[in-house]
Amino acid sequence: MYSPQIILEASLNGLMTGAVYALIALGLTLIYGVLHIINFAHGALLTCAMFAVWIAWAVLGMDPYLAILPLVPLMFALGYGLQRFVIGPASHGDDGNILLVTLGLSIVLENVLLALFQSDTRTLDTDYSFQVVALGPLLLSYPRLIGLGVAVVVTGLLWLVLNRTDTGKAIRAVAKEKLGANLVGIDVPHVYAVTFGLGCACLAVAAGLLMPTFYVNPRIGGAFVLVAFTVVVLGGMGSIPGALLGGLFIGVVESLCGLFLGDSLGQIGIFLIFIAVLLVRPTGLFGAKA
Amino acid sequence: MTARDLIPIAVLTILAALLPLVVTSSPVLNFLVFMLIVALGAQGWNILGGFGGQFSFGHAAFFGTGAYVTAILQLRYGVNAWAGLVLATAAGGVVGWAIGFLSFRSGLRGSYFALVTLAFAEVFRILANAASFTGGAAGLLIKLDVRAANLQFDDRAVFYWLVLAFVAAVLLLTRWIQRSRFGAQLVAVRENEDAAKALGVDSLKVKLRAIALSGAVTALSGCLYAQYFLYIDANIAYGSWISVELLLAPIIGGVGTVFGPVVGALTLHGLGEVAKQFAGRIPGIDLIVFGGVLVLAVAFARGGILGLLERLRDRGRGIMARGPKEVSHAGR
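The listed protein sequences derive, respectively, from chains A and B.
Each step along the first sequence adds one to the number in the UniProt record's numbering, with nothing skipped, and position 165 is 165.
Each step along the second sequence adds one to the number in the UniProt record's numbering, with nothing skipped, and position 253 is 253.
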């Protein structure tokens with residue numbers, strides 16, 4: 001049997017990984033909530049952001065946390081442009097088409113990265129990569145603790161943007177009633193693109209938080225995107241608090257499954273939850289309506 | 001089905017069957033066999049996705065099941081390869097029915113159905129990668145023993161003809177579906193499920209039948225893959241690459257048409273080879289082309305290549321009937 005301390009430590013570690021999952025899912029759920037589309041390119045866009053952080057470190061010698069600052073506007077611009085000039089026009093407003101266009105985009109992005117960087121796995125090291133913080137008898141990884149803190153702050157910021165700014169109001173209006181929003185003078189394609197940009201900006205933060213303790217290769221996004229889908233479905237498609245709580249929960253589940261079943265089966269718990277939630281309650285635990 | 005339905009299938013099959021008499025180089029035959037295997041699996045996808053409108057993002061679940069069932073039966077139980085082929089196909093049908101039962105009964109549609117199929121394929125991949133019964137991460141190697149009884153031939157052309165025969169059989173099956181009452185009901189469910197139900201179509205039953213057929217055909221292609229390359233592992237058999245391939249081919253070729261998957265597989269892999277010739281050693285160049293073609297097809301060619309051809313033909317007829325002036329007018 002495992003001692004309670006190991007289990008507690010695994011749970012806390014899971015909580016911290018889950019915070020980053022939550023950030024990735026946040027972008028996905030925001031895009032779903034407003035555009036009502038499932039963005040298959042989310043994983044590939046995360047990979048792009050992770051490579052950007054790696055390049056900033058390897059070429060410019062930039063700290064990964066510092067790299068988040070310039071990367072956020074860059075990823076926002078990339079997301080804005082993709083939605084405005086590629087996904088929007090190409091899909092003619094049909095859900096099935098959007099699914100396919102974002103799938104096509106993810107294939108292109110992933111393989112362009114593969115062509116540029118080959119399939120090698122890259123890491124970066126910082127002074128604090130392996131630092132730990134002692135919390136009573138528990139040892140917690142310092143960069144992951146930062147990840148947890150930043151994820152909570154970013155979720156709060158996003159919530160504030162949506163609820164306290166005019167842009168946020170416009171986004172919520174479009175999410176509720178596209179036609180009505182259009183009638184009162186909201187530029188719907190612009191709001192769509194802004195939303196997509198915000199979703200991508202979340203990925204920039206997630207990438208910066210991941211890189212000190214994780215690695216990057218052109219296929220890494222796929223591993224995260226399925227987890228993020230699970231979080232989004234679990235938390236309720238479009239729900240921001242749902243994404244945060246779902247992410248934390250999934251992180252703990254993965255960590256405990258990894259502890260009990262071994263690393264190779266660690267992710268199976270996630271997918272079983274995913275399937276179960278889809279089958280039993282596709283609106284998720286916090287979702288208002290399907 | 002009438003003679004008009006059968007003649008195009010027969011003519012194309014015969015023409016394709018003559019190909020190995022002209023082409024004898026192994027790389028080209030390898031390419032053709034692989035392309036036909038993809039086309040066969042894509043035909044399976046097309047029954048559910050094209051006619052039934054249920055877009056699966058996880059047909060690897062069926063492809064891999066076909067590959068693993070035949071490999072495991074031969075390796076662990078000494079079952080004959082041909083019997084393995086039949087059982088693998090049946091297993092694909094059962095898995096299809098089971099996944100369909102779970103997801104359709106819960107009312108999953110559209111993106112939700114796409115996601116749940118993706119998750120099922122991932123679960124299978126992780127399990128096959130971890131369990132020792134399936135060879136784990138090392139995969140399974142089917143013993144090389146070239147005899148017709150083992151479904152192994154020293155002439156690649158024979159395997160080509162075999163796969164071609166299956167492709168032709170599924171072309172006929174698809175044509176039959178298109179003309180049958182079952183096919184009409186399936187299309188009705190695709191176009192408007194609620195309306196179809198109101199007209200008395202048992203939509204659950206129709207969709208279950210479609211996914212079982214679809215799973216069986218795709219499992220057959222997976223079984224042929226294992227039998228031709230004699231090696232599988234979890235990332236090949238249950239990998240997301242095959243889910244994507246099987247979905248791309250019908251969408252590029254013409255979704256919900258009889259010839260769409262074959263046309264799409266041929267086009268995609270043809271383009272992929274051309275890209276490889278031009279770009280040389282850049283990894284993933286063929287996939288970049290695939291992704292680009294997918295986006296372009298959705299943007300500019302709804303209904304795929306066959307849909308595009310049909311529109312061109314209609315426009316051509318329009319020109320003859322009405323004269324060019326009016327057409328340019330109508331075009332605006």
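You may find that some hints are simply not true.
Unchecked claim - Derived pair list, reagent style DMTMM-like, types lysine to aspartate or glutamate, alpha-carbon separation capped at 25 Å: (1) 197(B) / 95(A); (2) 276(B) / 120(A); (3) 178(A) / 314(B); (4) 197(B) / 94(A).
If you're looking for bench data, these hints aren't it; they were derived computationally from the structure.
Bear in mind that the values here come from a model prediction, so they are computed numbers and not experimental data.
Evaluation of the provided hints:
Between residue 197(B) and residue 95(A), the direct Cα distance comes to roughly 22 Å. Compliance with the 25 Å bound is thereby established for this hinted pair. Between the alpha carbons of residue 276(B) and residue 120(A) the distance comes to roughly 21 Å, so the proposed pair stays at or under 25 Å and holds. For the hint linking residue 178(A) to residue 314(B), the alpha-carbon distance of about 36 Å lies beyond 25 Å, and the restraint is violated. Distance check on the hinted pair: residue 197(B) and residue 94(A) sit about 23 Å apart at the alpha-carbon level, within 25 Å; holds.
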